[in-house]
Each structure stands twice: as C-alpha cells, then as structure tokens.
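Work out the full structure, taking the sequences as your base and the hints as a guide.
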Amino acid sequence: MKTLFLLALLIINGEFCLSAQTSQPVTSSTLSNGDVIELAIAMSTKTPPPTCVAELAKDFASSRDNPQLLSKHLSLLTDKLCTTYLLLSTPQFQRAVAGARAQLPILTENDLVKYAAKKLKAIAQQSGSGAGTEGSTNVTSKGLASKVLSIASEYGALTESVSGQTTTASGTLAGVPLLLMGKGVLVDCATKLFAITPCLGHKATQTLSQISYSVSFDTNPNSTTATGTATGAASGAAQPVTISASSHSISALSVKWAFGAKVDKTKLDTAFSNLQSDAATTSNSDNAVALENLQISNNGKYQQWLAAAKITLANDVTNDPSGVSAEQDWEKLGAGLAAALGVAANITDQEALQNRTIQTVLKFAVSYNAYLGTAEAAGENTVSAPFFTIEYDVNRPASQPSNSVIRGIYEKNFTQLDLTVNGAVSIYNSNQSSVPGAGYLRDVQFATELGHDFKVNLPLSGEVAATLSGAFYFQYQSSPSILNVTPGTPVDGVTFTGLPSTATQVYAQKGNIELGQIKLSIGSGSSVTVPLSVTYSNRTELITNPTWKAQIGVSYDFDSLFSNSSAK
Amino acid sequence: MGGQQQVVVPCLLTPSGGGYYSSKPGSLQLSIKDVQGTTQLNTTKSLVWDITGGGQTAVNRTCTATTFSFQIQAGHTYHVHLSCMQLPSPYSAQAQLLEACGQKMDTINVTNSEYGMVITA
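Top line first, the protein sequences correspond to chains A and B.
So the first sequence is numbered by my numbering: it starts at 1 and just counts up by one.
So the second sequence is numbered by my numbering: it starts at 1001 and just counts up by one.
Since the hints were derived computationally from the structure, they do not count as laboratory data.
Ideal Cβ positions, reconstructed from N, Cα and C, are used throughout, including at glycine.
Hints are supplied without guarantee of correctness; some may be wrong.
Reference excerpt, derived from the structure (chain A facing chain B, CB under 7 Å, subset only) [unchecked claim]:
1. Thr-51
2. Gln-68
3. Ser-75
4. Asp-79
5. Cys-82
6. Asp-188
7. His-202
8. Lys-203
9. Leu-268
10. Ser-285
11. Glu-292
12. Leu-372
Okay, here's the thing in structure tokens:
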C-alpha cells in the first residue's frame, strides 16, 4: 500500500504535484512530512523557462550598451523566476531531492495518506455560492460568454444553477485549467520550473476562455419514464416484472465562442483588490522577501560571485554575439550562486535536505507558480462583454422533436445605449417528413434589442439605475410546430379532443411570428432589480391568436452578499 | 509670463547592478508606469526595512497603487521590496519602474513582479 502511495507521488504525480503553500516563509531547518514529500518530487525542468530564455536573449543583445542588464538575471532581487531556476537546477538542489526521496520510506503510510488527503482537499475546495438565474422576460439572447467566463473563473471549473426542474452546469473550457493554475498544480509553460508539473500555454488558456458551455439536465421526476417487462411465470393473479427507468437526461446543450472581448477597465480595481487580499498573493510575497533576505544576508560572498559571473558573461557577449555561449554559461552559474548563498558544492544529500536556502528557494518556486495562476484567473474577471458570439445549442424539449440552433450574436455598447442583434437558424435533428410541410429546417429567427441606461429618483431609495429597452423578434416558421404524443398519455398542459388513439405526432398551423416588447428594469446593476415588461405577439408557435402579456418581477442577486464581504 | 515653473527633481539612485544601488540622501519616490496591461503595487506587501549593520527595522513609507516613497538618510542601507500585481495577464503585462526624476530603473514583468532593491546611502 505504501509503495503505491510512493509511486503515485513520484510517477503519477499530476494530482499531487507541487502546490501553493500558505504557511510562513521558512525560518528554521525543521522539515514537515509535507516538505519532504514535496522536495522529493521537485526536480527542475531540463531547460530554463521559455520566458527566461527570451528575456536573456533580449538583454544580452543590449548588454554592450548597458552591462548592468546582465546582472539582472543573476540576482534574487531583480529576476526571481530565472535566478530561482538557476538554483533549482544545481547539483546541490538535486542532492536535496535525493535526500528527500531517501527519507520517504521512513514516513508511515498514515503520513502519506494525510498528505494526499490535504492536497486533494486543497485542489477540490471551491469557494462562493452558485450563480443565480434570471427570469425569462428576454426575447433577445445576450452575449453571455463573458458573464459565464467570469463566474467560472471565480468559482472554479463551472457553475451550477437550478431553475424549476432543470439543473444547468455552465462554465468556460478554461475553468478547469484556471482552477488548477490557482492551486499550483498546472502552470503556464512559459514559467514552468518543475519537470513534474503539467503546463498549458498562455495562448491556449486565452482561447479556452473564449469558449463557454452550458449543459441542462431535466431533473423533473415526472420526466422519468419507467418500463415494466414481465419476467417468469405468473403466480395466480400476480405477475413478476422487471422495471427499468430512463435516467435524467440532457435537455439542452450550448456551446458559445466569443470574439472581441476586451478588458473592462472599470473592473480592474476590483480585480486588483481581490488579488491583493488573496492568500496566494500574500504567501508569495512573504516567500519572495525570504528569498531576497537569503541574498542580502550572504551579501559578501554573493558580490564576489556576481563579479566573477559578470566577467564570464561579458566575455561571452564579446566573443559570441549570437548569445548562445552566454546563455549556456548562464545556465552553468547556478552551482556557484548556490555556494555563495550557503549551499556548499560538496554538501551531502541529508545536509542538502535540511538546508535553509534550499527550502526557501523551493517554497518561493511553488508559491510563485500558484500566484501566477491566481493572477491569471483574476484577469479573466476583467473581461467585458464580447463583440460577437457564435452559439450552438442542442435542445431536447419535452414532447417535441430535438433540434439544433446556430446563432450569431452581435453586441455593441454606446455611451448610454446597448445594441444587441442576433440571428439564428433552427434545424430538426432528424427529418420530420412524416408531417406535411415539415423537413429538417424548423425556423429562422431574427431579434434585436436596444437598451437605454438612465437614473431615476425613488422616494425610498433615492437615485437608482434603470434600463429601458425595446425589443423586436421575428421568426420564419419553415415547418409547423410538432408535438410528440404517446397514445393514452396526453402532453402536459394540452388537452386534445378527437385525437386518434394511434397518433404519435400532432402539428400546429405554421405561420411567421412577430413579437415586440418594451421592458423597464429598475435597479439594473444593483443586487435588487425589478423588471416590468409588456409584450405583444401576433401568435406563438402553437397558438395562432395574438397575445398580450404584462409581467412584473423581482430578482435579487444573493452572490452580492458574498462578493461584498469577500472583497474586504 | 504666467507660465508654470518646471520643478526639476534630482535623481538619487545610481545602479550598481543586480538590484543594488548607491544613493544620495533625500526623499526617494519610485513609480510604476504601464507599458502593456496594468501593473499595480500591492500596498500592504510593498515594504522597506533599514538593514544598516545587519539589522532589520521597518521604515515608514507611503505606498499607493503606482507610487512608493520613503526618506533615505545618509549612512544607512535599505532593503526595498516592491510587490507588483499585473493584470489582465501576468504573462504579457509590462511596466517601467521609474525614479521621480524620470530615470528608468527596470522593467517589471512576469520574471520579477516581486522586486527587490538594496540601497546604500
């Protein structure tokens, strides 16, 4: 059993690899079991982080004019990432890793279980509450990708909401990577320090952030159908049967790809405030100071080493303008730097394991990667509404043939006006040729909405924000609306008269739908919103008579309670 | 004639490389200027200590999202730690670290968002 844990930690290490520390910087050489385990899997990458290679190349090219540029990448004050890599790649650090691995068998199985449980808990833990849902008074789809994106980033992989009997899980494809980055178990490839940590490129993360998904599950117990099949011989009037039930199924699936989202500068202050108070930021800053103190407390030896290192690199710049020699020599300077910081070249495995410098470097490396992941996730919350969104929906409505909708959504914000235009094509997922006038094409939709933001003065609450919007919706019905019926089992909410017992489908008279709506939302942008709307339509998909509707509602954003308190 | 008189702020710091500086005594003001993305100082974690003679004493400083200032006294050595946060992405944000006189001290990016300086006056 214990061997399995060791294998899990050393080989299948994705779940257990280095993650953020929230403890204080190392002040003594006492190692916890967790420290030993983390050190045992802390082999550096074989090559420097790509960001370091790029920065070195850039500064080497300019170093003839400014020799000080070379020193920048040899100091724990001015280039922590690359200088930390230098130290992690030294033989001394590798001895500490060997020392930690030698100590692993001494640990009890209970120690390993406790460590694994702690790490899994840290990874799985999510904060915050579920996202609220809005009413259904909108006739125009908005570019929701940015909202989904920010919510998913805040809560982790996805959000879940429940509306009536439908449970919807939504998020962006970047939700899981960002969650793991914030926990330090996935890093950006550009700053990867440890061989063991999986990485994802920054551009890939950004692309995944643009793609959001939503899956709705019908959890209505009435939608579950049970089927009984006679099994075995009857016993008098009693017949044994096997009953099987259909499980809750996906009622809708939606994928959106948002284009043109930009940074909303009004959201930056909140994002910075949240980032500043984040535990990963605080821990990383503490560990960075501890790292700087290592160099400052060994200043004499460090300055001697720095002088020699600068000469080596300066010679490389003179003799090899390509910069290749300089980079190669820079990579070899780590052992000397470690020695200058108190890690002797001939240190033993056990001494290296207990060495304060090595522990401090490790803690910073781990916390820096976790901080960068946290900052990346925080940045996603600053994204504004996208300029254009392409959406693909698969709908499986109850008692209707399933269909797919491809929709394009354009959104443009002016000073006080918000224009949304979208068009969609809806296609049945199977040919409905059994119904006269029907085929694959279900309908074509066009909708537009223009919203105007303004302020109103109310007697009790004073000045509040409000939005007045007008919307128009047109639907060309290519196929009549179809309902699937089961003989003997009527469709919920519909009473049929004179329906033959053999009928499995019914269809309505087709015709184009035109709908107009005027809506006033009082309190828009705050935690309490009161929408009032008046809607007229010439018909619906099933009913051919014109309809008028007046609606009033109250929505409260419970998340605002938590977001206000967590920001402090 | 009615024109504003331009105040010339003298530079205090002279870089020695690797984050080490010699300085004239006076009021040192450092500032962050965005080049790409937005960079802000962590106002609670950007600190300065007087480390003269091997000690470590916290020094009063004034810190905003983009400026950091404290008083440098002759004969003293200081350890400055600037904790910089970068958004929307720490992987592509860049900012210049400047002295009030306009002297560019360094570029802040993903490699050095936790930035240290040792200043000897």
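Hint by hint, here is what the structure shows:
1. Thr-51: Given a least distance of 6 Å, the restraint on A/Thr-51 holds.
2. Gln-68: This hint holds: A/Gln-68 lies near chain B, its Cβ roughly 4 Å from the closest one there, short of 7 Å.
3. Ser-75: Cβ of A/Ser-75 sits 4 Å from chain B, so the hint holds.
4. Asp-79: holds, 5 Å
5. Cys-82: Holds, because the Cβ-Cβ distance from A/Cys-82 to chain B comes to roughly 6 Å (cut-off 7 Å).
6. Asp-188: holds, 6 Å
7. His-202: holds, 4 Å
8. Lys-203: With a closest approach of 9 Å, the A/Lys-203 hint is violated.
9. Leu-268: holds, 6 Å
10. Ser-285: holds, 4 Å
11. Glu-292: holds, 4 Å
12. Leu-372: Result: holds, 5 Å to nearest chain B Cβ.
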